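Number of protein chains: 2
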Amino acid sequence: IICVPARLVPQVMQDCAIKKVKGVSIISAGFGEADSKGRKLQEEFLRIAKKAGIRILGPNCLGILYPPQHLNASFAPFLPFSGKVTFISQSGALLDSVIDWSVKDNYGFSAMISYGNKSDLDAPDFIAWAAKDPYTKVITLYVEGFSDGRYFLEMAKKVTPIKPIVALKAGRTATGSRAVSSHTGSLAGSYQIYKGVFKQSGVIMADTLTQMFDMARALAYQPLAKGNRLAIVTNGGGSGVMCADYCEELAIELPVLPRELIEKLDKSGKMHPAWSRGNPLDLVGDAGPERYEVALEAVMGSEVYDGAIVIQAVQTSTQPLRNAGILVEVQEKYKKPIIGAFMGGVISEASIKYLQEHGIPNYDDVDRAARAMWVLMECGRHYRRRKL
Amino acid sequence: IICVPARLVPQVMQDCAIKKVKGVSIISAGFGEADSKGRKLQEEFLRIAKKAGIRILGPNCLGILYPPQHLNASFAPFLPFSGKVTFISQSGALLDSVIDWSVKDNYGFSAMISYGNKSDLDAPDFIAWAAKDPYTKVITLYVEGFSDGRYFLEMAKKVTPIKPIVALKAGRTATGSRAVSSHTGSLAGSYQIYKGVFKQSGVIMADTLTQMFDMARALAYQPLAKGNRLAIVTNGGGSGVMCADYCEELAIELPVLPRELIEKLDKSGKMHPAWSRGNPLDLVGDAGPERYEVALEAVMGSEVYDGAIVIQAVQTSTQPLRNAGILVEVQEKYKKPIIGAFMGGVISEASIKYLQEHGIPNYDDVDRAARAMWVLMECGRHYRRRKL
Numbered sequence: 001i002i003c004v005p006a007r008l009v010p011q012v013m014q015d016c017a018i019k020k021v022k023g024v025s026i027i028s029a030g031f032g033e034a035d036s037k038g039r040k041l042q043e044e045f046l047r048i049a050k051k052a053g054i055r056i057l058g059p060n061c062l063g064i065l066y067p068p069q070h071l072n073a074s075f076a077p078f079l080p081f082s083g084k085v086t087f088i089s090q091s092g093a094l095l096d097s098v099i100d101w102s103v104k105d106n107y108g109f110s111a112m113i114s115y116g117n118k119s120d121l122d123a124p125d126f127i128a129w130a131a132k133d134p135y136t137k138v139i140t141l142y143v144e145g146f147s148d149g150r151y152f153l154e155m156a157k158k159v160t161p162i163k164p165i166v167a168l169k170a171g172r173t174a175t176g177s178r179a180v181s182s183h184t185g186s187l188a189g190s191y192q193i194y195k196g197v198f199k200q201s202g203v204i205m206a207d208t209l210t211q212m213f214d215m216a217r218a219l220a221y222q223p224l225a226k227g228n229r230l231a232i233v234t235n236g237g238g239s240g241v242m243c244a245d246y247c248e249e250l251a252i253e254l255p256v257l258p259r260e261l262i263e264k265l266d267k268s269g270k271m272h273p274a275w276s277r278g279n280p281l282d283l284v285g286d287a288g289p290e291r292y293e294v295a296l297e298a299v300m301g302s303e304v305y306d307g308a309i310v311i312q313a314v315q316t317s318t319q320p321l322r323n324a325g326i327l328v329e330v331q332e333k334y335k336k337p338i339i340g341a342f343m344g345g346v347i348s349e350a351s352i353k354y355l356q357e358h359g360i361p362n363y364d365d366v367d368r369a370a371r372a373m374w375v376l377m378e379c380g381r382h383y384r385r386r387k388l
Numbered sequence: 001i002i003c004v005p006a007r008l009v010p011q012v013m014q015d016c017a018i019k020k021v022k023g024v025s026i027i028s029a030g031f032g033e034a035d036s037k038g039r040k041l042q043e044e045f046l047r048i049a050k051k052a053g054i055r056i057l058g059p060n061c062l063g064i065l066y067p068p069q070h071l072n073a074s075f076a077p078f079l080p081f082s083g084k085v086t087f088i089s090q091s092g093a094l095l096d097s098v099i100d101w102s103v104k105d106n107y108g109f110s111a112m113i114s115y116g117n118k119s120d121l122d123a124p125d126f127i128a129w130a131a132k133d134p135y136t137k138v139i140t141l142y143v144e145g146f147s148d149g150r151y152f153l154e155m156a157k158k159v160t161p162i163k164p165i166v167a168l169k170a171g172r173t174a175t176g177s178r179a180v181s182s183h184t185g186s187l188a189g190s191y192q193i194y195k196g197v198f199k200q201s202g203v204i205m206a207d208t209l210t211q212m213f214d215m216a217r218a219l220a221y222q223p224l225a226k227g228n229r230l231a232i233v234t235n236g237g238g239s240g241v242m243c244a245d246y247c248e249e250l251a252i253e254l255p256v257l258p259r260e261l262i263e264k265l266d267k268s269g270k271m272h273p274a275w276s277r278g279n280p281l282d283l284v285g286d287a288g289p290e291r292y293e294v295a296l297e298a299v300m301g302s303e304v305y306d307g308a309i310v311i312q313a314v315q316t317s318t319q320p321l322r323n324a325g326i327l328v329e330v331q332e333k334y335k336k337p338i339i340g341a342f343m344g345g346v347i348s349e350a351s352i353k354y355l356q357e358h359g360i361p362n363y364d365d366v367d368r369a370a371r372a373m374w375v376l377m378e379c380g381r382h383y384r385r386r387k388l
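As you go down the protein sequences, you meet chains B and P in turn. Quick note: the first sequence uses UniProt numbering, first residue 1, plus one each step. Quick note: the second sequence uses UniProt numbering, first residue 1, plus one each step.
For the record, the hints were derived by calculation from the structure and aren't laboratory data. What you are looking at is a predicted structure, and each value in this text was computed from that prediction instead of being measured. Warning: the hint list may mix true and false statements.
Identical chains share a label here; the pair holds if one copy fits it or two copies do between them.
Claimed, not checked - Below, simulated DMTMM-like cross-link-like pairs (lysine to aspartate or glutamate); rule was C-alpha separation at most 20 Å, straight line: (1) Lys195 <-> Glu248; (2) Lys158 <-> Asp133; (3) Lys40 <-> Asp15; (4) Lys40 <-> Glu249; (5) Lys157 <-> Glu332; (6) Lys157 <-> Glu263; (7) Lys84 <-> Glu303; (8) Lys104 <-> Glu349; (9) Lys226 <-> Asp122; (10) Lys353 <-> Asp105; (11) Lys22 <-> Glu43; (12) Lys158 <-> Asp122; (13) Lys387 <-> Glu154; (14) Lys264 <-> Glu303.
So here's chain B without its partners, still in its complex pose:
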């Protein structure tokens, strides 16, 4: 790890060559991104490194964090929690903010890599590494521009059948891509081309940072869906309707409840007389845990559904913690994906924590829950296609 002033870096690189160091991470800034003097310094240390076979991360980067091994080889002030998501970021500032956010939001990472000027190693190299990392289940990527689009395409094609990649591309518009040029000196390239590359290689595109980590959380903790037929179980009619809207917009199917399933639930003696007998399966506002249990058991056990979104609006009879327990149990029993949409707040806080700790991703807003389920279906499709 090199963090001496830029002008001293070539000398340190020379020392590394003598000591037969295999890889270095250069935190120092003031190279290719700064001025012509910096560019020359970068060329100089690169020449030395190439000759000695040294691979380089950076310069002008935050470094590497590897929470499963408690390694913080970066200038970030603290480590995030250990998790199953690797985050590869062209922007160091963004990585810093994400760490700060993740600790507050209880979001875990298996690795975080800020690659700065990518003078040698680039995003595809880190993707290749993450594909082999035993702690990583999902790879997330913030990228402004690629040096070598073809290399990325080849690598991503190899990796996505093994581990999903979710990418956020900045500089998608004319204004944004002008800002990229002024910011990093690299070209953002046409977003249409990126879209094509991502699609061809099975990379999932996110529109926002929140969306990227939302989808990664689902992929990290839930199984992929075997089809796109969803059941929505809810104790709030309105939230159920909104969820159905978002699902239709994402081409998720909501098959009607089969007649035998309606009869079974009617006979259970647990349902409210006014329950919806449809999908969304509305348990009615005063639903206690028994109703959640019998309904969720029914849809998850049915051949008609590939997964479920369970909505909880906190109401007088709601028992958030017991409901959370039911989601965890039923998911373990049927091995199909369940996504929680327990609306967050003071009362529901403990139940949401319970869900997340037991591998059920939960989202405040039903549109985020629908998007999380969509990615499990989309990646499921991708894997099945690759298998054929």
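With chain B fixed as given, assemble chain P onto it according to the hints.
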């Protein structure tokens, strides 16, 4: 406030008529939404009320909450904080969840109204009330279907030039609107028609619950923008680029920095040599409060910009609380809107609280900040048009 079993409600209504009660709120359920027996009961108490000139909220609703006067005339377990946003909701369950969330998120409301079966009073009546309420600055509305679209259109047209209305319509898709029918017995209607009605009356449409309350927060606490020319000030290049992308997608202009402004900042002695000299105005990662101050002063004082989004990625030299103070001061000085995009987390938490308490809305993700600024510009346009 009536909360006796449904079958007793007509009798209570009779008693109210004798006592010359002017208005009642019926919390009880089991009427029009339940079965034919319930429908008859509803017709019965309506007949009595009409004859006696009694206006009715509900039945089958959560009731009314009025935090500025500490009034909780609902079956929600607690009051939200007092604020400037009225929330009118067709769904009681949603209202319940929103209260729970708002307390955790420090989001204040001037009033919350759940109107259930709308046997008499409907959304437009509550909008008319909120337009006159001294505590309300913004009206938010969750709606599944209108009984009388023309009445809504007329009322909204009158109110939007005085107070902005932000609406979330559920049942926008075929699946969603089928769910509305099964849920409330009312028709959702074509979303295209709703869109037309909203647009014609100057109502802002939200896609999600989060988006609705995000926009309402901006409208409640910041002045409207006088044009759509925005400056982005940031200490993170990547976040600046993403913000520029979202702005372009929302047709927000990002004028380049005027030459005299660049010279002024260059001469200030406060800027990093590598600052962007563009818009986004990138202060570079090690920016302290002095840089934020001189840059924000410059753009807010310039005739070229109608407002600013200020992004803060927490980095080693970042001083979140001092930065927050600068936003508040500069906003008060120039009276143009400022939106914060301080990425939330453990380190930035106190500064975000400071911003919110001093009237600067803050959003975790730059896309939400861009959307909040957009609504200040959009409503500004609407008001100017009405004034002409």
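To see whether the hints hold, each was checked on the structure:
| no. | hint | verdict |
| --- | --- | --- |
| 1 | Lys195 <-> Glu248 | between (23 Å within a copy, 18 Å between copies) |
| 2 | Lys158 <-> Asp133 | within (15 Å within a copy, 61 Å between copies) |
| 3 | Lys40 <-> Asp15 | within (19 Å within a copy, 91 Å between copies) |
| 4 | Lys40 <-> Glu249 | neither (52 Å within a copy, 38 Å between copies) |
| 5 | Lys157 <-> Glu332 | neither (31 Å within a copy, 53 Å between copies) |
| 6 | Lys157 <-> Glu263 | neither (47 Å within a copy, 48 Å between copies) |
| 7 | Lys84 <-> Glu303 | neither (30 Å within a copy, 49 Å between copies) |
| 8 | Lys104 <-> Glu349 | both (13 Å within a copy, 9 Å between copies) |
| 9 | Lys226 <-> Asp122 | neither (34 Å within a copy, 44 Å between copies) |
| 10 | Lys353 <-> Asp105 | both (10 Å within a copy, 16 Å between copies) |
| 11 | Lys22 <-> Glu43 | within (18 Å within a copy, 84 Å between copies) |
| 12 | Lys158 <-> Asp122 | within (16 Å within a copy, 58 Å between copies) |
| 13 | Lys387 <-> Glu154 | within (18 Å within a copy, 58 Å between copies) |
| 14 | Lys264 <-> Glu303 | within (15 Å within a copy, 69 Å between copies) |
This entry does not satisfy hints 4, 5, 6, 7, 9, going by the numbered hints stated previously.
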